[in-house]
Amino acid sequence: MIVRPLQHWLRMLFVWRGSVLGRILPQLAVVILWSIAVALAQGTVLGFKIDLTIAPFTLLGIALAIFLGFSNSVSYDRYWEARKLWGALLNDSRSLTRQIMSLADVDATVQRRFAYGAIAFVHALKHQLRNTSAEADLARCLPPEWQARVQSAQFKPAVILVLLADVVRELRQNGQLSPMLVPAIDRHLSQLNEALGGCERIAGTPIPFAYSVILHRTAYLYSFLLPFGLVHSIGLLTPLIVAFISYTFFALEALAEEIQEPFGTEPNDLALKAMSVMIESTVREMLGETDLPEAVAAKNYILS
Amino acid sequence: MIVRPLQHWLRMLFVWRGSVLGRILPQLAVVILWSIAVALAQGTVLGFKIDLTIAPFTLLGIALAIFLGFSNSVSYDRYWEARKLWGALLNDSRSLTRQIMSLADVDATVQRRFAYGAIAFVHALKHQLRNTSAEADLARCLPPEWQARVQSAQFKPAVILVLLADVVRELRQNGQLSPMLVPAIDRHLSQLNEALGGCERIAGTPIPFAYSVILHRTAYLYSFLLPFGLVHSIGLLTPLIVAFISYTFFALEALAEEIQEPFGTEPNDLALKAMSVMIESTVREMLGETDLPEAVAAKNYILS
Amino acid sequence: MIVRPLQHWLRMLFVWRGSVLGRILPQLAVVILWSIAVALAQGTVLGFKIDLTIAPFTLLGIALAIFLGFSNSVSYDRYWEARKLWGALLNDSRSLTRQIMSLADVDATVQRRFAYGAIAFVHALKHQLRNTSAEADLARCLPPEWQARVQSAQFKPAVILVLLADVVRELRQNGQLSPMLVPAIDRHLSQLNEALGGCERIAGTPIPFAYSVILHRTAYLYSFLLPFGLVHSIGLLTPLIVAFISYTFFALEALAEEIQEPFGTEPNDLALKAMSVMIESTVREMLGETDLPEAVAAKNYILS
Amino acid sequence: MIVRPLQHWLRMLFVWRGSVLGRILPQLAVVILWSIAVALAQGTVLGFKIDLTIAPFTLLGIALAIFLGFSNSVSYDRYWEARKLWGALLNDSRSLTRQIMSLADVDATVQRRFAYGAIAFVHALKHQLRNTSAEADLARCLPPEWQARVQSAQFKPAVILVLLADVVRELRQNGQLSPMLVPAIDRHLSQLNEALGGCERIAGTPIPFAYSVILHRTAYLYSFLLPFGLVHSIGLLTPLIVAFISYTFFALEALAEEIQEPFGTEPNDLALKAMSVMIESTVREMLGETDLPEAVAAKNYILS
Amino acid sequence: MIVRPLQHWLRMLFVWRGSVLGRILPQLAVVILWSIAVALAQGTVLGFKIDLTIAPFTLLGIALAIFLGFSNSVSYDRYWEARKLWGALLNDSRSLTRQIMSLADVDATVQRRFAYGAIAFVHALKHQLRNTSAEADLARCLPPEWQARVQSAQFKPAVILVLLADVVRELRQNGQLSPMLVPAIDRHLSQLNEALGGCERIAGTPIPFAYSVILHRTAYLYSFLLPFGLVHSIGLLTPLIVAFISYTFFALEALAEEIQEPFGTEPNDLALKAMSVMIESTVREMLGETDLPEAVAAKNYILS
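Protein chains in written order, with the working numbering: chain A, 1 to 304; chain B, 1 to 304; chain C, 1 to 304; chain D, 1 to 304; chain E, 1 to 304.
Bear in mind the hints are in silico, worked out from the structure with no lab data behind them.
No experiment lies behind these values; they were computed from the predicted model shown.
In this text, a Cβ means the ideal position worked out from N, Cα and C, and glycines have one as well.
Check the hints yourself; a few may be wrong.
Within a straight-line C-alpha distance of at most 27 Å, the following computed DSSO-like cross-link-like pairs (lysine-lysine) qualify [said to hold, decoys possible]: (1) D:K273 with B:K84; (2) C:K49 with B:K49; (3) B:K273 with B:K49; (4) B:K84 with A:K273; (5) E:K273 with A:K84; (6) A:K299 with A:K49; (7) C:K273 with D:K299; (8) A:K84 with B:K84; (9) C:K273 with C:K84; (10) D:K84 with D:K49; (11) B:K49 with A:K49; (12) B:K273 with B:K299; (13) E:K299 with B:K84; (14) C:K84 with E:K49; (15) C:K84 with B:K84; (16) E:K84 with E:K299; (17) C:K299 with B:K273; (18) B:K49 with B:K299; (19) D:K273 with D:K84; (20) D:K84 with C:K49; (21) A:K84 with D:K273; (22) D:K84 with E:K299; (23) E:K49 with D:K49; (24) C:K84 with D:K299; (25) E:K299 with D:K273; (26) A:K273 with A:K299; (27) C:K273 with A:K84; (28) D:K49 with D:K273; (29) E:K299 with E:K49; (30) C:K299 with C:K273; (31) A:K49 with E:K49; (32) E:K273 with E:K299.
Just so you have them, the derived chain B footprint on chain C, three or more residues with Cβ under 8 Å [as the list claims (entries may be wrong)]: (33) 180 to 193; (34) 279 to 292.
Go ahead and model the full structure; you've got the sequences and the hints to work with.
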C-alpha cells in the first residue's frame with residue numbers, strides 16, 4: 001500500500017513512485033513510436049492511404065471508458081472487500097481477547113495462550129495468502145505441542161481454529177467457562193473462520209479471464225488504430241494525443257489488474273505485513289503487555 | 001473457471017483459450033462478410049444508395065455500451081453472489097466440524113459421521129445444480145441407513161440437513177450436547193440452508209428474459225446497419241472497424257450470458273467440482289485425517 | 001417469469017413471446033408513422049422547414065441512456081430484492097421445519113401442524129401480494145380452529161405468525177421445548193416476519209412517481225423530435241433509424257416499469273405461484289411425506 | 001408519497017400532479033425567455049457575435065448527465081434506505097408484539113402496555129423527524145406514569161426504549177419472563193434502536209453541500225450558455241431544444257434534492273403518517289383488537 | 001459538515017462558503033490565464049500553429065467524466081460508510097446503556113460508570129481519528145483508577161472496551177448479572193469494537209494512490225491542452241469554455257479528495273465533535289440526567 005500524502009497539485013503531475021507508469025512504459029513507448037511512424041507517413045501504409053476518421057473512435061473510446069469504469073469498479077470492490085476481511089481479523093482478534101479475559105475464569109497464562117493463538121491465525125493467513133513460510137511466526141506465537149500439527153497442515157489457519165476451539169472445550173469441561181457463555185466465543189471463532197474463507201475466495205477466484213482478454217484487446221487495438229483516425233486532421237500532433245489517450249487507458253487497465261489481486265506484494269496491494277503486526281500490537285496491549293512490536297515503517301512510501 | 005496467469009501484454013492479444021471468441025465466431029463472420037459486401041457495393045442496395053451517416057451510430061453505440069455495462073454488472077453480481085454462497089458452504093462446513101469437535105462430548109465416530117454429512121451436503125448441492133448423479137458421492141460420505149432416504153428425495157441437500165439436525169437432537173437427548181450449545185450448531189445448519197436456498201434462487205431465476213432479447217436485438221441490428229453508416233466516409237476500411245466494434249459488443253454480450261448462469265460447465269463458470277473437493281479436504285484435515293483427496297487440476301487452464 | 005432457454009443468436013432476433021414488444025407496439029407505430037410523415041414532408045411543417053441537426057440529439061440521447069440505465073438498475077434491484085425475500089421464505093420455512101423436528105420433543109402431528117402453518121404463511125402472503133382469495137389454501141393448510149381468525153384478519157400472514165408463536169409458547173409451557181431452544185425458533189419467526197415486511201415495502205412503495213414522469217416525457221418527446229434531426233441528412237431512411245432508437249428506449253422503459261412491481265402477473269414478474277408450490281413440496285418432503293404436489297409448469301414459456 | 005397508477009403512455013406526457021414541474025417553472029421560464037432573446041438577436045450581444053458551437057456542449061452535457069446520474073443514485077439510495085428503516089420499524093414492532101405474547105407469561109394488560117409502547121415509539125419518531133408535536137399520540141398510547149418523562153425528553157424515542165426495557169426487567173424479576181428468553185426480546189429492542197439511529201443519521205447528515213453547489217452551478221451555467229451553442233445552426237428553433245434539455249436537467253436536479261431528505265412533507269417524500277397508522281393497525285390486530293384505525297387515504301394522489 | 005439549507009436557485013449560483021472554490025482557485029487561475037494566452041496567440045506556439053480539433057477532447061472529456069464519476073462514487077461510499085460507523089457508535093452506546101439498566105441488577109452508580117465508559121469510548125475514538133489529546137475528555141468520563149491505563153495506551157478505545165468487559169465480568173461473578181444475559185451485552189461490546197475497527201480501516205487505508213495520480217494527471221493535462229482544441233473554432237471565447245469545463249472537473253476532483261478522508265476537519269468532513277456531544281447527551285438523558293451538554297453549534301455554517 002502506498003502511503004503518501006496528497007501533494008501540491010503541481011508536484012502531483014510529476015510523481016513517479018506510486019504511479020503505475022513504470023508498468024506500462026514499454027507498451028506506451030511502442031504505441032508512441034508507432035504513432036510517430038504513422039504521422040510521418042501521413043497515414044499511408046504500403047502506398048494505401050488509410051483514413052479512419054475520428055468518429056468511430058469517439059464511439060469506441062467512450063464504450064471502452066464505460067467498460068474500463070465497470071472493470072475498475074469490480075477490481076476496487078475486490079480490493080475493498082479484502083480490506084474489510086482484514087478489518088474483520090482485527091475486530092475478531094480483539095473481541096476474542098476481550099472475551100477470554102471477561103467471560104472465562106482463567107489466569108493470565110490461558111488468556112495469553114488463547115490470544116496468541118488468534119495472533120498466530122492472522123500471521124498464518126498472511127503467509128498462506130503470500131505463499132511464504134509461516135514457520136518463524138508460528139514458533140513465536142504457538143505453544144510447542146500445537147506447532148507440529150499446524151506446521152504439517154495444508155490449511156494452517158483452519159487447524160489453528162480447531163485448536164482454539166479445543167481450548168474452549170477444555171475450559172467448559174473444567175468449569176472455567178459457563179456453557180451459557182460458550183456460544184458468544186464460538187460466534188467470533190466462526191467469524192474468524194468466515195474472514196479466512198473470504199480471503200481464500202478472493203485469492204482463488206480471479207475476475208473471469210475473458211473480461212481481462214476482451215478489455216485488453218479492445219484497449220490495445222484501439223490505441224494502434226487511433227493514429228489513422230487522427231493523422232488526417234491533426235497531422236504531426238497525432239503522437240501527442242495518442243500518448244495522452246493511451247496513457248489513460250493503459251494505466252487504468254494496469255491498475256485494475258494490480259488491485260484485483262489485493263494480497264500480492266505490488267505497490268498498490270494491501271499491507272498485510274503492517275496490518276498483522278498492528279493486530280499483534282493491539283492484542284498484546286489488551287493483555288497488558290508493554291513491549292509491543294514496532295509498527296512496520298513504509299519504505300519509499302510503500303507499506304508491505 | 002479459467003486459471004491462467006495474466007500474461008505479457010503482447011501475448012494477451014492473441015490468447016485463444018479462455019476468450020469467448022470461439023462462441024461468437026459464426027455471427028462475427030456473418031457480420032464481417034456482410035460489411036465486406038456493403039463496402040464493395042459502396043453502400044448501394046438494389047440500386048438505392050443508403051447513407052445513414054455515422055452520427056446516429058455514435059449515439060446508439062454509446063447507449064448500447066451503457067446498457068451492456070448494466071447487463072455485465074448484473075451478470076457479474078450473480079456470478080460473484082454465487083461464489084460467495086459457495087464460500088459460505090466452505091465456512092459453514094468448517095464451522096460445523098469445529099463445533100461438533102468442541103461443543104459436543106462425543107467420540108471420533110460421531111464427529112466423523114457429522115462432518116461427512118456436511119461434505120455430502122456440498123456434493124449433493126453440486127450435483128443438484130449441475131443435474132448429475134449424486135449417487136457415488138453420497139454412497140461414499142453417508143452412512144448406509146441415510147442413503148435410501150436421501151437418494152429418493154427430490155431436494156437432496158434439504159433432506160441431508162434434516163438428518164444432520166437429527167444427530168443434534170439425539171446428542172441433546174443423550175446428554176452429550178448441552179441444550180445451551182444447540183443453538184450455536186443450529187445457526188450454522190440454518191446458514192448452510194441459506195446457502196442452499198441462495199444457489200437454488202440463482203439457478204432458478206434468470207435475468208428477465210426481455211433484457212436478453214432487447215440487448216441482443218439492439219447489438220445485432222446495430223452491427224448489421226453499421227456498414228451503411230461508415231461506408232461513405234471510410235470506404236473499403238469499413239469491415240475493419242465493423243469487425244472491431246462487433247467483436248467488442250458480441251463478446252461482452254456472450255460473456256454476460258455465460259457468467260449469469262454461473263453453475264454450468266462453460267469455461268468461465270464456477271469450478272464447483274474443485275471447490276467441493278477442497279471443502280472435503282479441509283474438513284477431513286480438521287478431523288485429523290491425512291489421506292486427503294488430491295486437489296482437482298486444471299485441464300487446458302480450465303478448472304471444472 | 002419467463003423460462004426460456006437462450007436460443008440461437010439468429011432466432012433470438014425474432015422472438016415474440018417474452019419480449020415487451022407487445023406492450024409498446026401502439027406507441028412505436030405512432031412514432032414510426034409520424035417519422036414517415038416527416039420524412040415525406042422533408043421536415044417541413046406548415047411551410048416552415050425545421051432542421052434541428054443531429055448534434056443536440058446525440059447529447060440528449062446519451063443523457064437519456066444514462067438515466068434509463070439508472071432507472072433499469074433501480075427496477076432490477078427491486079426485482080432482485082423481491083426474489084431474495086421469497087428466497088428467505090423458502091429458507092425460513094425449511095429451517096422452522098427442521099427446528100420443530102430437531103429441537104422440540106413432539107410427535108408428528110405437532111410437527112405437521114407447525115410446518116403446515118409455515119406453508120400457509122407463504123400462500124397467504126402470495127394472495128395478499130396479488131389481491132387474490134387465500135381461502136382455499138388456508139382451509140387446506142390450517143387447523144379449523146385457526147381459520148376463522150386468519151380469514152377475518154386484514155394482515156393475514158402477520159396473524160399466522162402469532163398463531164405459530166402460540167404453538168411455541170404451548171410447547172415451552174408443556175415442557176416439550178426447552179426455553180434455551182426457544183430463541184432459535186423465535187429467530188426464524190422474526191425472519192419470516194422480516195420477509196413479510198420486505199414484500200409489503202416493495203409492494204407499497206413505488207419508485208418516486210416523478211422519476212417515471214420525467215423519463216417518460218424525455219423518451220417520448222425525444223422520439224417525436226428526432227425525425228427533424230435526421231431528415232435533412234438521411235432523408236427517407238429517417239423512419240428506419242427512428243424506429244430502431246425508439247424501440248430501444250421504449251422497450252427499456254416498459255421493461256423497467258414491468259419489473260419494478262415484481263409481484264404482479266405480467267410475463268416478466270416473479271413466479272409467486274410456482275415458488276409457493278415448491279416451498280410446500282420441500283417442506284412436506286422434509287416431514288417425510290411422499291405425495292408431494294406437482295411443480296407448476298410453464299404455459300407458453302411463462303411461469304406464474 | 002405519490003400513489004398514482006402508471007397511466008396510458010399518452011396521458012402520462014401531460015401529468016401535472018406528482019411531477020416536479022411546479023418547482024422548476026420559474027427558472028425554466030427564465031431560461032426559455034433568455035434563449036428566445038438570444039435567438040432573436042441571432043447570438044449577438046452588444047454587437048459581438050458569440051458562437052460557441054455545439055461541440056463543447058455535447059461534451060459537457062454528457063458529463064453533466066453522468067454527474068446527475070451519480071447524484072440521483074445517491075439520493076435514491078438515501079430514500080430507499082429511509083424506507084427500509086421504516087420497514088424495520090414495522091418488522092420489529094410486530095416481532096416485539098409476537099414475543100410479549102409468546103415468550104412472557106403475562107395477561108393482556110401487560111401485552112397491551114408493551115405493544116402500545118412500540119406504537120408510541122413509532123409515532124414519536126415520526127414527530128421527531130417532522131418536527132411536530134408528539135403530545136396527542138403519546139397521550140393516546142402511553143400509560144400516564146410514563147408520559148411526563150417522555151414528554152420532557154429531548155430524544156423521546158430513545159427514552160421510550162428505556163421504559164420498554166424497564167418492563168422487560170420487571171417481568172424478569174417477577175419470574176414472568178425466563179432470563180433465557182430476555183435476549184430474544186432485547187435483540188428487537190436493539191433493532192428498534194438501530195432504526196431510530198438510522199433515521200437520525202439520514203435526517204442529520206445531508207449530501208455534502210459542495211456537491212449540490214457544483215451540480216447546481218454546472219446545470220444552470222450550461223443552460224444559460226447553451227443558446228449560444230445552438231443559435232447559429234438551428235436559429236429560431238433554439239428555445240425549443242433549450243427548453244427540452246433544461247427541463248430534463250432541472251427536473252432531475254430538483255427531484256434529487258426532494259428525495260434526498262425523505263422525511264419531509266413534499267409530494268415525493270415518504271408517507272410517514274400512513275406508515276405509522278398501518279403499524280398501529282397491524283400491531284393492534286395481532287393483539288386481537290378489531291376496532292382498528294382507518295388507513296390514511298391519499299389526497300390528490302398524495303399520501304402524507 | 002456544512003449545514004446550510006438549500007437556497008433559492010439564483011443565490012445558490014453565487015455561494016462561496018461550503019463550495020470548494022477556495023481550494024481550486026490557484027490552479028483554475030493558471031488554466032484561465034494560460035487559455036487567454038493561447039487565445040490571444042491564436043493557438044500559435046513558437047511559430048507553429050497547433051490545432052488539435054475538438055473531437056479528441058469530446059472523447060477524452062467523456063472518459064474523464066466517467067472516471068470522475070467512479071472516483072466520486074468511491075469517495076462518497078467511504079464518507080457514508082464512515083457516517084454509518086458513527087451511527088453505530090450512537091446505537092451501541094444507547095443499547096449498552098439500556099442493557100446495563102435493564103439486564104443487570106445494579107444501582108445508579110454502576111449504571112453511570114458503565115454508560116460513561118461508553119461515552120469515553122466515543123470521545124477517545126474521535127481524538128484518535130483527529131490526532132488530538134483525549135486527556136480532558138477521559139478525565140471527565142472515566143473513574144480515576146482507569147485513567148492511567150487508558151492514557152498510556154496506544155489504542156485507547158480498545159483498552160476502554162477491555163475495562164467495560166471487566167465490569168461485566170465483575171457483575172457476573174457477583175451475581176448481579178445472570179450469565180444468560182451476558183452474551184447480549186457482550187454482543188454490543190463486539191459491535192462497538194467493529195465500529196472502532198471500521199473507523200481505523202477507513203482512516204488507515206486511502207484509495208489506491210495510483211488512482212489519484214491518474215485522475216489528477218488526466219484532468220490537468222486535459223485542461224491545459226483544451227485551449228488548442230477550441231481556439232480555432234471559437235477564438236476569443238476559448239477562456240470562457242475552458243474555465244467552465246476546468247471548474248467542473250477540478251471541483252469534482254477536489255471534493256472527491258476532501259470527502260474520501262471523512263474524519264478530518266475540512267468543511268465537508270464529518271462533524272465528529274457534534275456527534276460525540278450528541279451521543280453524550282442522549283446517553284445521559286437515558287440515565288435520567290437533566291443537565292445535558294449543549295449541542296455544538298455551527299460556525300459559518302460549518303459543524304466540526
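The hints, checked one at a time:
no. : hint               : verdict
1   : D:K273 with B:K84  : violated, 39 Å
2   : C:K49 with B:K49   : holds, 24 Å
3   : B:K273 with B:K49  : violated, 57 Å
4   : B:K84 with A:K273  : holds, 26 Å
5   : E:K273 with A:K84  : holds, 26 Å
6   : A:K299 with A:K49  : violated, 52 Å
7   : C:K273 with D:K299 : violated, 34 Å
8   : A:K84 with B:K84   : holds, 15 Å
9   : C:K273 with C:K84  : holds, 16 Å
10  : D:K84 with D:K49   : violated, 55 Å
11  : B:K49 with A:K49   : holds, 24 Å
12  : B:K273 with B:K299 : holds, 13 Å
13  : E:K299 with B:K84  : violated, 47 Å
14  : C:K84 with E:K49   : violated, 62 Å
15  : C:K84 with B:K84   : holds, 15 Å
16  : E:K84 with E:K299  : holds, 24 Å
17  : C:K299 with B:K273 : violated, 34 Å
18  : B:K49 with B:K299  : violated, 52 Å
19  : D:K273 with D:K84  : holds, 16 Å
20  : D:K84 with C:K49   : violated, 53 Å
21  : A:K84 with D:K273  : violated, 38 Å
22  : D:K84 with E:K299  : violated, 33 Å
23  : E:K49 with D:K49   : holds, 24 Å
24  : C:K84 with D:K299  : violated, 33 Å
25  : E:K299 with D:K273 : violated, 34 Å
26  : A:K273 with A:K299 : holds, 13 Å
27  : C:K273 with A:K84  : violated, 39 Å
28  : D:K49 with D:K273  : violated, 57 Å
29  : E:K299 with E:K49  : violated, 52 Å
30  : C:K299 with C:K273 : holds, 13 Å
31  : A:K49 with E:K49   : holds, 24 Å
32  : E:K273 with E:K299 : holds, 13 Å
33  : 180 to 193         : holds (count 5)
34  : 279 to 292         : holds (count 5)
In terms of the numbered hints stated before, the structure departs from hints 1, 3, 6, 7, 10, 13, 14, 17, 18, 20, 21, 22, 24, 25, 27, 28, 29, listed from lowest to highest.
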